[in-house]
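K.L.:
Kindly generate the complete structure, drawing on both the sequences and the hints.
Numbering (this note's numbering), first residue to last: 12 to 336.
Worth flagging that the hints you see were computed from the coordinates, not collected in a lab.
Glycine included, C-beta positions come from ideal geometry on N, C-alpha and C.
Please note that the accuracy of each hint is not assured.
As the list claims (entries may be wrong) - Computed beta-carbon distance windows for the label pairs:
(1) Ile275 with Asn189: 30 to 40 Å
(2) Tyr121 with Ala326: 18 to 28 Å
(3) Gly284 with Lys125: 40 to 50 Å
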Amino acid sequence: MNTQNQITKQTGGLLVNLSENGRKIIFIVCVVLCITQLLSPAMALLMGLVVAQLSGHPYLHLNHKATHWLLQASVVGLGFGMNVHSAIKAGSEGILFTVGSISMTLGFGYLLGKWLRIEEKTSFLISSGTAICGGSAIAAISPVIQAKEKQISVALGCVFILNSAALIIFPLVGHYYNLSQAEFGLWCALAIHDTSSVVGAASKYGAQALEVATTVKLARALWIIPVAFASTFIFKNESKKINIPYFIGFFILAMVVNTNVPQIALVKPLLTGIAKAGLTLTLFLIGAGLSRKVLTSIGYKPLLQGLALWIVISAAALYAVVHWA
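P.N.:
Okay, structure coming up:
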């Protein structure tokens, strides 16, 4: 009885009462389904959400580290399927859109947070996550501004909920407006928060969309560094501890190897296949981490701020991509 109470407390309440071993078996079966790529990224995320509500995540205490490292390794693996010259072209074409998108999001987020009277650090984390790269930006900036656990959890919850929606909605919108793969990839990179959902949505749309989206998104992720530095002065934190996303360098190295080393063609299908399976598993783990406790702890004001920011930025980015790209 005590064990079950601890499980329920940890996962925020479950809809199905199972033993710990039963929960682990269900979880492991789901993991195997993701690794074998029998599910699309969107389906994996949805399955994770269902598991979180029904039986719960039996390894919840390991979830953050697992998704962090798995996502980075998967992105690096995807680099072996991309051409560095095409990536540079996509990145250079998207830089002005990136700068405009980040500036607009941070500015509008600040005003919206003030209007809704949301706690300052929570509002800033939501705005930064929306502007740059979702959970990675929140994780990097939260120690800089000395955010509390509750503030971080609320911001992450908002971002991951909207990421879940984006993974399903964006391909539908892209097909409705008949966006080219390049246009869709750029739109994903500008308007979806987290790298995992950007890659997941773009991979569903096509290979060129995936290349453009990943390159522009990782270029956008580098803005963590200047925004984090600015945060130290805004919130007067003298420690200036910043987590730099070094994995982006390995992603670039993988693209260079793929472009200049012909022998890599022998193992490229294996490397990119493992990377796609890792991405699918990452999205399942993210969904499985969104327990009822996490969902109910967010509050309507932060979620309203995140939703309003996301809708405005998505619409503005779509217009810019269609008319100016």
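K.L.:
Decide, hint by hint, whether the structure agrees.
P.N.:
The hints, checked one at a time:
no. : hint                           : result
1   : Ile275 with Asn189: 30 to 40 Å : 35 Å, holds
2   : Tyr121 with Ala326: 18 to 28 Å : 19 Å, holds
3   : Gly284 with Lys125: 40 to 50 Å : 47 Å, holds
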